[in-house]
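With these hints in hand, go ahead and build the complete structure from the sequences.
If you read the sequence shown in this note's numbering, its first letter stands for residue 1, the second for the next number, and so on.
For the record, the hints were derived by calculation from the structure and aren't laboratory data. Being a predicted model, the structure only gives us computed values, none of them experimental. Even glycine gets a Cβ: it sits at the ideal position worked out from N, Cα and C. A hint or two may mislead.
[Claimed, not checked] Label pairs and their computed distance ranges (CB to CB):
{"no.": "1", "residue 1": "431", "residue 2": "106", "range": "27 to 33 Å"}
{"no.": "2", "residue 1": "267", "residue 2": "360", "range": "43 to 49 Å"}
{"no.": "3", "residue 1": "515", "residue 2": "236", "range": "31 to 37 Å"}
{"no.": "4", "residue 1": "196", "residue 2": "33", "range": "55 to 61 Å"}
[Stated by the list, open to error] Cut-off 27 Å, straight-line C-alpha distance, at most; resulting in silico cross-link-like pairs (BS3-like, lysine-lysine):
{"no.": "5", "residue 1": "280", "residue 2": "187"}
{"no.": "6", "residue 1": "315", "residue 2": "188"}
{"no.": "7", "residue 1": "208", "residue 2": "184"}
{"no.": "8", "residue 1": "188", "residue 2": "144"}
{"no.": "9", "residue 1": "71", "residue 2": "139"}
{"no.": "10", "residue 1": "378", "residue 2": "296"}
{"no.": "11", "residue 1": "86", "residue 2": "72"}
{"no.": "12", "residue 1": "329", "residue 2": "187"}
{"no.": "13", "residue 1": "71", "residue 2": "144"}
{"no.": "14", "residue 1": "208", "residue 2": "296"}
{"no.": "15", "residue 1": "329", "residue 2": "139"}
{"no.": "16", "residue 1": "194", "residue 2": "184"}
{"no.": "17", "residue 1": "162", "residue 2": "139"}
{"no.": "18", "residue 1": "72", "residue 2": "100"}
{"no.": "19", "residue 1": "382", "residue 2": "144"}
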Amino acid sequence: MQNLLYSTFRYTKSLKEVAANGLETIVGEQVYTYLTKTNFSTDWDTLYEQCPWSTPFQSYDFISTWYKLFKKAYSPILVIQTRNNKLAGLLPLAIDAKGKIVYAGADLAEYQVWLTNPIYEDEFIEQAILEINNLYPGKTIPFKFIPRGAPLHWIERKFAFKNRCEIITHRQPLLRINYDSLVKELKKKNRKEKVNRLKRLGELQFIKVTDSTEFDSILNELVIQSDFRKGAMFDSCLFINSTARIEFLSSLFRLNLLHVTTLKLNDAIIASNVGIFGKKWLHLQGINTHSPTHAKYSPGILHFLMLGLFLSEEKFEVFDLTPGTDGYKETIATDYNVVHEVNFHTLPNLLLNKFKRQAKSSIQRCLKRIGVSAFALKNLTKRVQIYKQKVGLLKHYTIPNYRLGSIKNHFSNYAEPLNIINLKAHSSLDLVHFEVNSLSDLLHYNPKGTLQTRWEFLGDAMKRFEAGQQCYTWLENDLLLACAWISSTKNPILMSPPPKDFILDRLYLHPSVANQIDRVRYSILDAIIKMNTESILYYKLK
Numbered sequence: 001m002q003n004l005l006y007s008t009f010r011y012t013k014s015l016k017e018v019a020a021n022g023l024e025t026i027v028g029e030q031v032y033t034y035l036t037k038t039n040f041s042t043d044w045d046t047l048y049e050q051c052p053w054s055t056p057f058q059s060y061d062f063i064s065t066w067y068k069l070f071k072k073a074y075s076p077i078l079v080i081q082t083r084n085n086k087l088a089g090l091l092p093l094a095i096d097a098k099g100k101i102v103y104a105g106a107d108l109a110e111y112q113v114w115l116t117n118p119i120y121e122d123e124f125i126e127q128a129i130l131e132i133n134n135l136y137p138g139k140t141i142p143f144k145f146i147p148r149g150a151p152l153h154w155i156e157r158k159f160a161f162k163n164r165c166e167i168i169t170h171r172q173p174l175l176r177i178n179y180d181s182l183v184k185e186l187k188k189k190n191r192k193e194k195v196n197r198l199k200r201l202g203e204l205q206f207i208k209v210t211d212s213t214e215f216d217s218i219l220n221e222l223v224i225q226s227d228f229r230k231g232a233m234f235d236s237c238l239f240i241n242s243t244a245r246i247e248f249l250s251s252l253f254r255l256n257l258l259h260v261t262t263l264k265l266n267d268a269i270i271a272s273n274v275g276i277f278g279k280k281w282l283h284l285q286g287i288n289t290h291s292p293t294h295a296k297y298s299p300g301i302l303h304f305l306m307l308g309l310f311l312s313e314e315k316f317e318v319f320d321l322t323p324g325t326d327g328y329k330e331t332i333a334t335d336y337n338v339v340h341e342v343n344f345h346t347l348p349n350l351l352l353n354k355f356k357r358q359a360k361s362s363i364q365r366c367l368k369r370i371g372v373s374a375f376a377l378k379n380l381t382k383r384v385q386i387y388k389q390k391v392g393l394l395k396h397y398t399i400p401n402y403r404l405g406s407i408k409n410h411f412s413n414y415a416e417p418l419n420i421i422n423l424k425a426h427s428s429l430d431l432v433h434f435e436v437n438s439l440s441d442l443l444h445y446n447p448k449g450t451l452q453t454r455w456e457f458l459g460d461a462m463k464r465f466e467a468g469q470q471c472y473t474w475l476e477n478d479l480l481l482a483c484a485w486i487s488s489t490k491n492p493i494l495m496s497p498p499p500k501d502f503i504l505d506r507l508y509l510h511p512s513v514a515n516q517i518d519r520v521r522y523s524i525l526d527a528i529i530k531m532n533t534e535s536i537l538y539y540k541l542k
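As structure tokens, then:
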């Protein structure tokens, strides 16, 4: 906060100099006042429409909403330029509590670029960057990603920028909307079969959500699906601890910046997309989800292709899949653009970042020469990160007073005898309530006291869902106390026990209920019986 106050003071001293070229930098609380000035939002929107490279992430509604909802985490910085009493340039930034400058919207703004009248395309951004550098010396000014069409030649033209700017190119996968091509994609044998298999399970519906009340009613479910998937894949659960992110999406929907569609099976959402749209483009930034219990039908890909057909009817031109190496983007992309990441550094930071990138590239080339693929390297990096987290868990780890590891993760030999849990013999037990296949409960896993990280726990859960297992969870006071994974013996590999019964494949107990393992087992069986009439639960100890 002291740095923010110091920067504001420096800015006040240089007001006269700034005013001479029409450039003005507003910081802190003054930004919120400025946003409400008469005609300012209209002037902003006019500039947005005039700027050829603008995206919805530069609109007044997007930026002003983010400034207001993330006020506790970021202090706003707004650089504007006025010429002939008209808004001619605009650069929205912010600074966090650690003094790091971000583009307004931070990671929620997929494209980060300035707005200006094309005739001032170089002049404004040059002056704006130098002004921010003057007010916040030593800070990096980031732009990730700058969309295609935005001018960058000013970087090469002037020494002040050429020797301070780091430029990184990225591929931007696109699905150009072509009705005939999308119809052909959906008619391919494997996709047609998956659609038909889903239809055999019940009513399959593609739905566009247009009512804000309806959107708010499903938003929590979409957030849970998103956090579960990203937590399992990347150890990133962005929404679970951020009500501001949820409020932000709800606000954008009411401002008509979100395009929302779902794929439903018997009224259950099995895939969805919540994306920012504008200028006949839909951007894959917001939320996209699919149900892990239906993963074998590829509901996410099917939904994207159905969405493409729907966008054709709505006269959209492009479904922007956004930069990234996710496999599904490669699957459905029909074209690619090049976008740029630009960071204005101090010279030492520029050299350090350049060295890091070159070193990383050299290591990757060497590993490739000895047969280590990019996929293997990615997995190795993941394992290193997980082991670092495990080291942090060691200080809280206590050996449980029951054999938590005694229940096998996988049963390789079902011919061996299995132990039977028979509820009739223990009808007097005080049973607890278990939910079935609750992603929300799984997100409340706390690794403290164990050696299994959240990343591993959610990753294992996703694989088990995809393998057809059922999950039974016990949650109290927002803490996951127990999680059991159940395999159906309908699997032909299983020779014993008999069909229509179940195997307890994996059991997790929170350390606080470690002495209640029998109660948990019988509670699970009770939950299974309620869904499957007469059943027996089998388990095998090491």
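Hint check against the structure, violated hint numbers in rising order: 1, 8, 11, 15
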